[in-house]
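So the sequence lines, in the order shown, correspond to chains A and B. So the first sequence is numbered by numbering that gives the first Met the number 0: it starts at 0 and just counts up by one. So the second sequence is numbered by numbering that gives the first Met the number 0: it starts at 0 and just counts up by one.
Everything labelled a hint here was simulated from the structure, so no lab data went into it. Among the hints, a few may not be true.
[Said to hold, decoys possible] Within a straight-line C-alpha distance of at most 20 Å, the following computed SDA-like cross-link-like pairs (lysine to any residue) qualify:
#1 98/B - 110/B
#2 128/A - 336/B
#3 354/B - 80/A
#4 72/A - 83/A
#5 52/A - 240/B
#6 335/B - 389/A
#7 83/B - 37/A
#8 78/A - 367/B
#9 72/A - 236/B
#10 78/A - 377/B
#11 299/A - 66/A
#12 375/B - 74/A
#13 72/A - 237/B
#14 128/A - 236/B
#15 412/A - 460/A
#16 78/A - 359/B
#17 78/A - 335/B
#18 384/B - 484/B
[As the list claims (entries may be wrong)] Simulated restraints on C-beta separations:
#19 169/A - 337/B: 36 to 44 Å
#20 337/B - 31/A: 36 to 44 Å
#21 281/A - 258/B: 34 to 42 Å
#22 258/B - 279/A: 29 to 37 Å
#23 417/B - 281/A: 40 to 48 Å
#24 281/A - 1/B: 57 to 65 Å
#25 279/A - 293/B: 49 to 57 Å
The beta-carbon is built from N, C-alpha and C at its ideal position, and this holds for glycine as well.
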Amino acid sequence: MTWETVIGLEVHAQLATNTKIFSAASTAFGAMPNTQACLVDLGMPGVLPVLNKGVVDMAIRFGLAVGATVAEKSVFARKNYFYPDLPKGYQISQFELPVVLGGQITIEVDGKEKVINLTRAHLEEDAGKSLHEDFEGYSGIDLNRAGTPLLEIVSEPEMRSPAEAVAYAKKLHELVQYLGICDGNMQEGSFRVDANVSVRRPGAPFGTRAEIKNVNSFKFLERAIMFEVERQIDVIEAGGQVVQETRLYDAAKDETRSMRSKEEAMDYRYFPCPDLLPLIITPAMIEVVKAEMPELPDAKRARFMSQYGLNDYDAMVLTNSREIADYYEAVVAATGGKDAKIAANWVMGELNARLNNDNLSISESPVDAQRMAGLIARILDNTISGKIAKDVFDAMWTSQDSADAIIESKGLKQITDPVAIAAMVRGVIDQFPEQLAEYKGGRDKLFGFFVGEVMKATKGKANPGQVNQILKDELAK
Amino acid sequence: MNFHQMTMVQLAEQLRNKSVSSVELTQYFLDRMTQFDGQINSYITQTPELALAQAAAADARRAAGEDGLLLGMPLAHKDIFCTKDVITTCASKMLANFKAPYNATVVEKLNAAGMVTLGKVNMDEFAMGSTTENSAFGVTRNPWSLDAVPGGSSGGSAAALAAGLAPVATGTDTGGSIRQPAAFCGVTGIKPTYGSVSRYGMIAYASSLDQGGPMAKTAEDCAHLLSAMAGFDERDSTCAEGERPDYVTGLNDSVKGLRIGLPKEYFGEGLSPEVKAATMAVATELEKQGATLVEVSLPNTSAAMPAYYVIAPAEASSNLSRYDGVRFGHRCDNPKDLKDMYIRSRSEGFGAEVKRRIMVGAYVLSAGYYDAYYLKAQRVRRLIKQDFVDAFDQCDVILGPVAPTPAWKLGEKTADPTAMYLADIYTIPVNLAGLPAIALPAGFSAGLPVGVQLIGNYFSEPKLLNVAHQYQQATNHHIQMPAAFA
């Protein structure tokens, strides 16, 4: 008998505002503990929250991007529970009336498209952090993160495999970065995924689910779900029952562990926060955001194919992130839009390899789009060959010089004078009479040997196309 | 000079014509506090050094040519307003050691106007109570009768004013907490429209009901103090935007043609004959001045009490969660783990009434009970609001008693919280509706003051202050002082 896996994801995307959702304190990551927690974040007696308008625009942007309903009226509510890193004893969130309702994300797995429906997305504040390791007999509390704005995005339980869950999470990850509402940094916790997982016989009602927390990479998400599915099937097949609970994924042991069961689940005593007015979003506010919406990944992909004549794969790779797409388009524009395919090959090939090698993002690339375009222009006008261009690129990576300056100073300009090339070709042929004889005797493979020798003699600077042609002519003589 | 018998406006004239300096006036009140406060315990914290420094600064500003009615005027702050570097206790053991790192907006504004802080006055713990008996720093006594309660929760403010230990004071009113002690102590106090005065820095009890306001001898003094307290504050999202009305200019308008509504539900069973008589006497005086009386109905009045005791504790249970012993306030000795720290810190830090309301609040918000209690109470709240909307179709202001009786004896109702709660029946509907209301002295019964209240439509404070001022122009209840403190 087969089992069907049912997965729904809850994603906490940290919104990329400079200040917190209800205070003016900075949201920058990595500061000294408690240096970015103001009176409001500390939950001092008498202080009050004031909504950061920036988060509202971001929520609207997200709602529009996924085709959701942006609620005309949504309400902030208090989620009450005690924890030392929750300064007020409650988290301000949204409960009954969230800011974004519905929406869809289209994923592709094994070449097949599937639409995943969203339940909702709501605004809330993050808690601080508890540090249990560093203090003997005490816990440390860092409230820098307290009050950081989050958009919690909840999907319907419509994913049926770990691969679908990962595809959905990646798609969402790409989208929030495209929209400029989240930096997507999973290591710093800017994009956190919780998975609700259950199994059932095909066609049967939903099974009891477990919520898996603490998954901070796509790889771990896949592994955590795989482990959890196996665990649940084992429990049921052994005659047991899955209990509804929260489980933590332990990456080191590659397993999920029970954190708390439903019986221990807290009653959060939600009620509307009396310190904040209902959030009213007018059609005019939505229009303003709509007018400033960036192009979304799917649309950009289609445009790259039609506008630049790229194939599906290239278009997908180049639109994987907004930064890569912007870089690519800047290179194409700077080269006059002449050969978009060469630009694509360079961005996806050499540039990408060097970035990966040096562990840099494209925004940190030592070679910016303008300098990259300068290099490609010299390939296009035959000043240098593609092979020499790689040497030039290497030199550009470690200096601030332009491609032209490097070509000039290293004397790498391509030799395209047919008379000069012919002279060198003849010189090489004269140097290797034995090989010439063999070639004439039918060893066609030696053609490559002669090409190599000519290139060696010209230090790679001869135009390869011309070398081929002239060599062919000379050997035929 | 008997400065303590003067109204604030009279004292301002003394300062303005340089008959007295702010330092001298401040010292005068500090001396009275030393001499008399032992009898009534109205102050939790006296701040003589701060006061004299502020007074000297005010004198310097005046010497430099600045003028202003509040410049150099001493006042007492209810100990619910955060004052930078001065202990702010909210009358709780929980905050007995809490030095606020900032000033409440109200404090900031009054400081800027040049006012002088004499100290922080007593109250019911976290503003929960009607007698100031629920204070971790001892009960405050009523200057008119030392074995009577001063009312609450702003009982320290009212008692200090009645005893002449401050010219004016701040108070807060969540369920009658300005008006009822004003009535019990024979002073004037106005609870402004919700959103008129910033709540920033005013320690929260029930956020959707809390509102700060002025207390003084007269409506005119209240008008001047409110002018400095009110105003939009971007740090309070529930604070009304835009300009506040002019509270002072219309004080001397005639009340001719004013329609005064007498809600029949406020004159029924439970109202003592002497309070009823005093209230009707106020109606008669205003009628004499040209107002007309109309009977109105507020049919849902009896539902206000249960609704209030769901909504206020619900919000309080959440607002008071931050007192957990982690970052400030009381922490128990040698906690053995986190849970122990929470339980003992809060059990030791909070008094009985606060614990009672936290438990009620947590209960009405809990899963399975939320709809039956909290949501239903919110529906009642809308009905009560509608009652007033309907009544204001027929009248301009509503006149009624503040409390069913004058002040009762200390300890008289502490054993029966429900009886105590019921004494707030006339004040609480105003908070649920968010309306403004002013309490003013209307006479005496067996030596104890009796107060009445005028309730107005949203942002009609100028009208309420005007009517109260006109009444006070024709009467002298408000300038009486208890003999022991005169």
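Comparing the hints with the structure gives:
1. 98/B - 110/B: Judged against 20 Å, a Cα distance of about 18 Å means the pair holds.
2. 128/A - 336/B: 18 Å, holds
3. 354/B - 80/A: 17 Å, holds
4. 72/A - 83/A: Since the Cα atoms of residue 72/A and residue 83/A sit roughly 32 Å apart, the hinted pair is violated (cutoff 20 Å).
5. 52/A - 240/B: 17 Å, holds
6. 335/B - 389/A: Roughly 66 Å between the alpha carbons, so the hint for residue 335/B and residue 389/A is violated.
7. 83/B - 37/A: Satisfied, since the Cα-Cα distance of roughly 15 Å is no more than 20 Å.
8. 78/A - 367/B: Distance ~16 Å between residue 78/A and residue 367/B Cα, so the pair holds.
9. 72/A - 236/B: 16 Å, holds
10. 78/A - 377/B: Holds - the C-alpha atoms of residue 377/B and residue 78/A are around 19 Å apart, at most 20 Å.
11. 299/A - 66/A: Judged against 20 Å, a Cα distance of about 17 Å means the pair holds.
12. 375/B - 74/A: 18 Å, holds
13. 72/A - 237/B: The given pair, whose Cα atoms are some 16 Å apart, holds under the 20 Å limit.
14. 128/A - 236/B: 27 Å, violated
15. 412/A - 460/A: 7 Å, holds
16. 78/A - 359/B: 17 Å, holds
17. 78/A - 335/B: 27 Å, violated
18. 384/B - 484/B: Given pair residue 384/B, residue 484/B is violated - Cα atoms ~41 Å apart, limit 20 Å.
19. 169/A - 337/B: 36 to 44 Å: 38 Å, holds
20. 337/B - 31/A: 36 to 44 Å: 24 Å, violated
21. 281/A - 258/B: 34 to 42 Å: For residue 258/B against residue 281/A, whose Cβ atoms are near 38 Å apart, the range 34 to 42 Å holds.
22. 258/B - 279/A: 29 to 37 Å: 35 Å, holds
23. 417/B - 281/A: 40 to 48 Å: Distance hint for residue 417/B, residue 281/A holds at roughly 46 Å.
24. 281/A - 1/B: 57 to 65 Å: 59 Å, holds
25. 279/A - 293/B: 49 to 57 Å: For residue 279/A and residue 293/B the Cβ distance comes to about 37 Å; the hint is violated.
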